[in-house]
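Protein chains in written order, with my numbering: chain A, 1 to 125; chain B, 1001 to 1236; chain C, 2001 to 2487.
One or more of the hints may lead you astray.
[Stated by the list, open to error] Facing chain B, according to a computed beta carbon distance under 8 Å, are these residues of chain A, among others:
hint, residue
1, Glu-12
2, Thr-32
3, Ser-72
4, Pro-75
5, Ala-85
6, Ala-103
7, Val-105
For the record, the hints were derived by calculation from the structure and aren't laboratory data.
Here a beta-carbon is modelled for each residue, glycine too, at the ideal position from N, C-alpha and C.
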Amino acid sequence: MHNILANLVSVEWIIYIASFGLILTGLFIVFTDKNLIKIIIGLDMAETGVNILIVAAGYIKGNTAPIFSKASLTPAQMTDPVPQALVLTSIVIGFGVTALALALVVRLYQKTGSLDVSKIRGLKW
Amino acid sequence: MRKIVGLLLIFGFGFYLVTIIGPVVFPSSTGEKASVGVEVLKNEVAEVGAANTVTSVVVLYRGFDTLGEVTVLFLAALGLTLLMKGEKHLQAKLFDESFILKTGSYLLFPFMILFGMYIIVHGHLTPGGGFPGGVIIATGYFIIVMTSDVVRLREGLVSFLEGLAGLTFIGLGLVGLFKPADSFLFNFLSKGTFNTLLSAGIIPFIYAAIGIKVGSELTGAVGNMFFSPYGRQKDA
Amino acid sequence: MVNPILLIVVPLATAFFIPIFSLIWKGGSKYLALLAALFNIAVASELLVKVKNGPIHVTIAGYKAPIGIDLLAGHLGVVFALIISVIGFLVLIYSISYIKGGWLDRYYALFLLLLAGTTGMVLTNDIFNLFVFFEIVCISSYILVAYNQDSHGLEASIKYLILGSIGSTLFLIAIALIYMKMGTLNMADISDKIGGIDSASRMLIIVLLITGLGVEGALFPLNSWLPDAHASAPSTISALLSGFVIEVALIVLVKLTYSVFHATSILVFLAVLGVTTLLIGEFAAFRQENIKRALAYSSIGQIGLILFALSLNTEAGIRAGMFQIINHAASKSILFLASGYMILKTGSYLYKDYRGIAKKMPVSAFLFAVGALSLIGVPPFLGFFSKIQIIMAAAATGSVLNLWLIAAVLLGTIIEGIYFLKIVIVMFSGTGEELSFSGGAPFGAVLPIILLGLVVIAGFVFLPYLNTVNTSVAQEIVKHLSLAQLF
């Protein structure tokens, strides 16, 4: 029983399910929801899913964080540092876009009194 | 209708992703992986001398990305001030905060600033660095703003610090162009003693500039959102 | 030696300096911005001379190519850097008199960041670095579109932001997949290793990248944001967005397809997509009464034409496409800048209200006509030569499909001709007494339009030079990148 489970549930599948689940749910919200705040939440979810995928690209099974804090650590025991640096960049960019989007929505709400994309005039897609 | 089309689209895309990325298996040892990052790991201690490899990637190997990242934050702060700033600043109290909450937040403030600075200057030794440290400093300000109604943002100071930190980053990078290396962001300082505060050349200085920049930008963003006439409604 | 990194770093540093500078001298930021743009023109023209001896390759932080980030300033990058800085400089001159409201030093900072971001996109040789610059361009455009803070601008901006974010999400998935499969981010290294991975993954990477960049490059199903954004932005920003921002996204897309992913099989699809985009843009522009919306849809049409030329899979096609990019950058900037003061003076976006405007603003109206005729492709303007080159390049491929596509392009040109002539005729008819305002645009605003007009009118003098430069760009795009050629 334990072996079957171990064969079925691998690290890969946990990460891929989390990542694709977030990306697809987020995009589904963006495509179908009409509330601007929810659309932004959807974008953020998709962004998070992609971040998980990028970090996973640097994962090496059983290895530790790439910090030489103890003299005994060797490079062969560590995971790939580049995707971790990439994900830092992409998180910050995602933060910037989200903050800007929320500010735009606040101003749009103040001008039009609605958060519904179908009620705000030009917004059709 | 819209939902069904959306669902079909998502299922199609998901199926495509799963069939192609799904079978990719993670390597089970460093030897199995051939990537830029593995090369970096092998040479980092000799080349840069920072205990935290991720930091050396962020600040030096991919430092140009980080410059872009700082620019994105600068842009977001610029956009927020542009969009959220009205003619007058709202001074109304949100609700009556208790004395304990106010005093507690004042007491907390210096420690949060200190902790933020600690995280910033140890970026090349331990997890952390300019971005998380800057966020912690901005959080300190945010707590004060949430609990008390007397704090005002000194916008001149914030934008001065923000600009100065950005210029320091680019300035340190430009120094590399004058050296025989002729390369932007070249590490022109000595490596120092491994795993001590003053090691890894220009990394701590650049990360300090990033920390100041992130801290002041987020503080400015929080202040602008909070004191904006559009940011909060007075409770009826 | 002049380091191409200065093209990116100097505008960035100026943008960072502007908030400090405005504390000392309020209103001085426009001169700083002008200086930075002038500096970029100087550096780019010097590089244009140097690049003849082969592309200039610089590393950042001194690490060799696949390890660190590097810039590759070939003909493509340098020509685009020059276009960007020249158009940017002229639009900045126009901005000084045109942009009055809002928060001025923030406007100039955003403007410089947009210039730095687009320059970075064409110069970088690293795919994640490309993403970062792409985001800088996107975010500064979102803010600038909403600069007037009216409900139209805010709406357009949020619409642009949502589509743009979906695009960048897809772009990031592609980057993750590239790193998983090849373990590198350097474009030359990817080009070396792309043959070694399975074709399904390669296809997914290309599709994701085309969709991601296609949002910014306004390819057909992804361009619903463009007419709103370009029509609600201030006219100066519309000139930038139409003049080079979409073109930069497009050329980067094409460069990736040819020289990094070697995906020449997908080009037929892109050519058909380009002609579809062209027809849809021109038909939609035909129906518009709002002058800025008509110009925005016309940009979609022109983008379609450029994409068609660039995806012909021949050197002649890419050369013609580059030519059309230069023509479109100059002509469309003229049209947006000239219409800016017409809108301001008449207070109306509808071109039927411009009857007799040629009597009041003769220079602007004349140059508007020049820009329009050049876009249609009337001799002796620059647009005639570029359009002829595109049609000849397409005919030279000898494929039957391309002949049909040429017929569609000609149909698009006819429609384009009808609606542009309609606008021009309205401007030149009437006595001018219908209009109540007095005085034309100020000299500072007319000067950049005149300079751009000279490029379009007298461009045929430089035809041989333009052809040599465009040929070098085309050769560079067709050739496969490889790490070995960088050192």
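Right, here's what the structure says about each hint:
no.: 1; hint: Glu-12; result: 6 Å, holds
no.: 2; hint: Thr-32; result: 4 Å, holds
no.: 3; hint: Ser-72; result: 13 Å, violated
no.: 4; hint: Pro-75; result: 4 Å, holds
no.: 5; hint: Ala-85; result: 4 Å, holds
no.: 6; hint: Ala-103; result: 4 Å, holds
no.: 7; hint: Val-105; result: 10 Å, violated
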